[in-house]
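Using the sequences and the hints given, assemble the complete structure.
Going by the working numbering, the sequence shown opens with residue 1, and the numbers climb by one from there.
Accuracy of the hints is not assured; some may be wrong.
[Unchecked claim] Just the calculated beta-carbon pair ranges, DEER-fashion:
1. Gln182 x Pro239: 15 to 25 Å
2. Ile170 x Thr92: 14 to 24 Å
3. Asp49 x Phe240: 21 to 31 Å
4. Pro64 x Asp142: 46 to 56 Å
5. Gln182 x Gly223: 40 to 50 Å
6. Ser94 x Asp224: 40 to 50 Å
7. Pro9 x Gln182: 21 to 31 Å
Since the hints were made in silico from the structure, they are not lab data.
Predicted model only: the values in this text are computed from it and were never measured.
From the three backbone atoms N, C-alpha and C, an ideal C-beta is built for every residue, glycine too.
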Amino acid sequence: MLFRSINLPEGTSLYMWGFGDMNAGAGATHEEGGGYNLPQYPGPTLIVDQGETVTINLTNYGVPQPVSMVVSGHNVTATGGVDGLVTKAATTTSGPVTYTFVADEPGTYLYHSLDGVNPGLHVEMGLLGVLIVRPEGYDANDNRIAYGAGTPYDQEYLYLLTEADPGVHIEMERGHYNHFTQSDRFATIYFVNGRVFPDLFQGDYNTLFPHQPYESLAQAHPGDKVLVREVNAGHDSHPFHHHGENLRFIAKDG
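Below, the structure is given as C-alpha cells:
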C-alpha cells in the first residue's frame, strides 16, 4: 500500500492511504476481483471460493504508521512484521506480513487495517476493502447463487459505504499523526465504492479516477433477480433505500 490523493466532484482532492494489488495489471474487472496495480480506495475487492486457503502478503510502501489487515469473520494467522494491536503489522522497514485463513463460510466480509494508537484512523484514511466468498457449487454462467439453494440471482452489485472528515486528512497530510480523535471527527463527505455523486456513475476503471476504480451504477433487465451486497465500513450510520423494488433480506453480518 501507498498513499495518494483521490478526486472529488467539485475539482478538489483528498489525501488518503490505500491498499493496492501489486500483482494485478490495470484493466482487471471488478467481477474478477482485480484492480489496478496502484493504491486504491476502497481496497481491491477480494473474491474467493468457499473452502479455499487464502494467503495475503502485505507490504508497507509508504504509510507512516504500522499497517495491518483484520478480516471480519475469519480466523487469520499472521507471520512477519511487528506486533500490532490485534495482529501483526507491516512498517516501511519491517518487511511484509503474511496473513493466511480458510474461507469457510460464503458471504460478504470487511477487511481493514487497525491502528494500535488511534483505532479508527486507518479506516478513515482508506485502508479497507471487501472480501466475497462464493459458496460451493457457484458457477458464473450456470449457477449464480449467494449462499446455496434458494439464493439464485441474475445480476450482482456491491455497495461499500464510507464517509470522511476532510480535516483529519489535512492533519495526516501535514504529518500530525497524533491529532486524530473520535470526539472531534465530523464527516462531511459520503462515498459509495470510494466515489461521490455524480462520479460514482462514470464506469469501472475510468481514467478520470486512477485511485477510485469502482462505479456504483446497478443495471438489470425486467424480471431479473438482483443480489445487492451492502457493507458499511464507515464510522457513521448510512441509511440506504432501494426505491420502487421489493426486497428480500437473505443474510446479515456476513
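Hints and how they fare:
1. Look at Gln182 against Pro239: about 21 Å separates their beta carbons, and that is inside 15 to 25 Å.
2. Range check, Ile170 to Thr92: about 22 Å between beta-carbon atoms, so the 14 to 24 Å window is met.
3. Separated by about 28 Å at the C-beta atoms, Asp49 and Phe240 satisfy the suggested range of 21 to 31 Å.
4. The supplied range of 46 to 56 Å is met by Pro64 and Asp142, whose beta-carbon atoms lie about 48 Å from each other.
5. The given range of 40 to 50 Å is respected by Gln182 and Gly223, whose C-beta atoms sit roughly 46 Å from each other.
6. Remark: the range hint 40 to 50 Å for Ser94 to Asp224 is upheld by a beta-carbon distance near 48 Å.
7. Checked against the hint of 21 to 31 Å, the pair Pro9 and Gln182 passes, with Cβ atoms roughly 27 Å apart.
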